[in-house]
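Protein chains in written order, with full-length UniProt numbering: chain U, 1 to 193; chain F, 1 to 193.
What the hints contain is simulated information worked out from the structure, not anything from laboratory work. Mixed in with the good hints, there may be bad ones.
Where chains are identical, the list cannot tell them apart; a pair therefore holds if satisfied intra-copy or between any two copies.
As the list claims (entries may be wrong) - With a straight-line Cα cutoff of 25 Å, these simulated BS3-like cross-link-like pairs (lysine-lysine) come out:
no., residue 1, residue 2
1, K10, K112
2, K21, K44
3, K49, K15
4, K21, K81
Protein chains: 2
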Amino acid sequence: MNFLEERILKDGIVKEGNVLKVDSFLNHQMDIELFDQMGAEFKKRFEGKPINKILTIEASGIGIACVVAQHFHVPVVFAKKSKSINLEGEMYVAQVESFTHKCQNNVIVAQKFLNPEDHVLIIDDFLANGCALQGLIQIVQSAGATVEGIGIAIEKGFQSGGRIIRNLGFQLESLAIVESMDAETGNVVFREQ
Amino acid sequence: MNFLEERILKDGIVKEGNVLKVDSFLNHQMDIELFDQMGAEFKKRFEGKPINKILTIEASGIGIACVVAQHFHVPVVFAKKSKSINLEGEMYVAQVESFTHKCQNNVIVAQKFLNPEDHVLIIDDFLANGCALQGLIQIVQSAGATVEGIGIAIEKGFQSGGRIIRNLGFQLESLAIVESMDAETGNVVFREQ
């Protein structure tokens, strides 16, 4: 069991409806030393890849991505979820559906921040049905850039996102893959990696 | 002139309506090494303060806050801008008005992440009219916690937010204070610090 799985068992809370609350260390309060460990682990898993940029999506991907980026010495671009009046100029747009928020969002990245020379590592906190991730992949490909890999903190292995993304041939590395969880007992079972 | 002022002159773009676009290094694409320099500078300016937590607000405050937090070895809490279905339980709520997005938002922090023992450093990317910041201060005070200081990347010195916050007695440190800018010439004038 790795450091993140241990932390999930210690501080995660399982709620009805397959909700795993990790807001005390991952996506509301953020344990920066944990993020640093995640960065070191992603660096190892994507060793040798010519990554020159990290792409993530607001809001809860940003903190992880920025700390991970220190291990790769690259800038981070975060995709925005709705058109802001400050986001002018040419933009890449993908439409994604959010499991948590039960709504559709436009995912937007200014074109000037992704180009065909970019080798991109995508980072996010959660992977469930993979809609957000597919939107990010679509944006990287619209730019003619290369997806070198995808690093996720927690994957819900019982949802289809991870399988779809791996079937497409991407190197997807999830630090913890939840196979099942039980709101009554609070039990969480991880896939062996 | 400090490193951030230099970077603004190099890569910032002045737009009509007193908009300063810094999206190539601060709030869309993020220069993590610049954030690290900002962290070192805030550490110096808040030396001796018993800071045990950093509070910021989604989305563009998060990246800066997480990298700054590495200099203080403390966790980061980010306030959310709208009620999410994953954010259950007791919450502190403040209503703030956004200059950029021309709308009102509820700023929300789960009560369990702020308590009377907390000594909080508030971090954000921009300070203009100070509404978001006043919401964050209100939330810290609702929790009975202490605002030890406020660290801002770029303050618009020609708007009232900075003066109001300083008049309230808070230690507000802005790494760059823009006195005036001119969309036609692209010129930016900083307040001497």
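Results for each hint:
1. K10 with K112: between (42 Å within a copy, 17 Å between copies)
2. K21 with K44: So K21 and K44 fail the 25 Å test inside a copy (27 Å) and across (35 Å) alike.
3. K49 with K15: neither (37 Å within a copy, 38 Å between copies)
4. K21 with K81: both (22 Å within a copy, 19 Å between copies)
When the structure is compared with the earlier hints, violations turn up for hints 2, 3 and for no others.
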